[in-house]
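Asker: Here are the chains, one letter per residue:
There are 2 protein chains.
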Amino acid sequence: MEKNYKILLAYDGTRYHGWERKNNTDMTIQGKLEAVLERMAGSYVEVIGCGRTDAGVHAKEMVTNAKFETDMSPEEICVYLNHYLPEDIGVLKVSIASERFHSRYNAVGKTYCYTCYIGKTKPVFERKYVYVLDEIPDVKRMRKAATLLVGTHDFASFCANKKKKKSTVRTVDKIEIIVDGDYLKFIFHGDGFLHHMVRILVGTLLEVGWGRRSVESMMEILEAKERAQAGVTAPAQGLCMMSVDY
Amino acid sequence: MEKNYKILLAYDGTRYHGWERKNNTDMTIQGKLEAVLERMAGSYVEVIGCGRTDAGVHAKEMVTNAKFETDMSPEEICVYLNHYLPEDIGVLKVSIASERFHSRYNAVGKTYCYTCYIGKTKPVFERKYVYVLDEIPDVKRMRKAATLLVGTHDFASFCANKKKKKSTVRTVDKIEIIVDGDYLKFIFHGDGFLHHMVRILVGTLLEVGWGRRSVESMMEILEAKERAQAGVTAPAQGLCMMSVDY
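Listed in order, the protein sequences are those of chains A and B.
By my numbering, the letter at position 31 of the first sequence is numbered 31, and the numbering carries on one by one without gaps.
By my numbering, the letter at position 233 of the second sequence is numbered 233, and the numbering carries on one by one without gaps.
Please note that a few of the clues may not be correct.
Same chains, same label: a pair holds when it works inside one copy or across any pair of copies.
Straight-line Cα separation of at most 30 Å, BS3-like style, residue types lysine-lysine; simulated pairs [to be verified]:
1) Lys-120 x Lys-67
2) Lys-67 x Lys-140
3) Lys-6 x Lys-174
4) Lys-120 x Lys-3
If you are wondering where the hints come from, they were derived from the structure by calculation, not from laboratory data.
Required output: the full structure, derived from the provided sequences and hints.
Answerer: Next up, the structure:
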């Protein structure tokens, strides 16, 4: 009998063109996972992801689900998938979910972490997971600006490729900015994030931290509802999906 | 005037054929560093390393020295080197050393760490810096065997490519075996290590941990002075040079 499986993933997104399967290429996380599941189940298996990560973005705990039939136990499926998936995609856990569980529709919150490197030398071992800053930003200024962004807002200015019919209102209930040794971390929690939203928020906050924008300008950016008003999109490699709430 | 500079390096050895410069290839750490120093100083600069790391071995603090003439301050040299070196080789610090300082001859102790992964899933982000174990070894057995290896011994059995005329006696004063979450770490401190010695020690200790060798057999291996008596050479990627004492 077909069951609905919840599959938790971790991946180093460096080599991939993001989560979403595309035509004529299997260098996507979804494509890689579906290919191994098809091999296992004997027919095509669609994997639903809790969201779409961009090319180069990483995940420490991405939630997905897929319906298929197998004689294997969840533990055996986990071992099988880890064996056939490339070494930069790992399955953390496989469990049987309720028939109606949908990893995207049922997600009520997500946590992302964006990591910058502010040390004096080079992040030799962490280089693919951080954005190296040449100039150290003013953390206090960024924290003030972040408080203006927290809340339920129309984040249209922080969205790439806005689609006319879809709402760009989201609730971001936490933006924490932490200095941890040589690392500067931005932790975001919200009910959902628009395309490139976390990276544009980070890029904009860094511009505030470098004194190139005022703290108060956050209000104007939100009100403008226009991508051009916000800051640059911070590089993908610093971003990591940390967890999803249901 | 020519000065003797002490240059501290960190590197991810994954892409390199080890420390030592070879003919017809610059994919060595020494080769990369000498090429950038030559560019800076305007003529060939020989870099002396505190030791030779094998292909694929990493370093968190490798000590080197080189004599050259420049108008730049040590801080400026550091910035220059980091700018022109690839992103997987970093200069931690440049300082002026005494004229007679020799990073290899003056080294009196070295610390190496060998890291194994013993978690249930896959070390997606650490995969290039660990040796993944399919079977968890018995740590107590390994610690007992390690105490038999600590001391001043002829480590000929733990040496690849032994040269007849050179002494294979070394003093290893610490072998610490630590379980740190999903990681099993072997920390070695000694006055020097032979070719592949740390990796053969780890490979042999793991065989003890897996019950394939007795604890007591360590004595026989040392006495045999024959490479074939010891265990396999653990893979390079788990090994990292941690620090050097002078």
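Asker: Now tell me if each hint is right for this structure.
Answerer: Here's how the hints hold up against the structure:
{"no.": "1", "hint": "Lys-120 x Lys-67", "result": "between (49 Å within a copy, 24 Å between copies)"}
{"no.": "2", "hint": "Lys-67 x Lys-140", "result": "neither (47 Å within a copy, 44 Å between copies)"}
{"no.": "3", "hint": "Lys-6 x Lys-174", "result": "within (27 Å within a copy, 46 Å between copies)"}
{"no.": "4", "hint": "Lys-120 x Lys-3", "result": "between (52 Å within a copy, 24 Å between copies)"}
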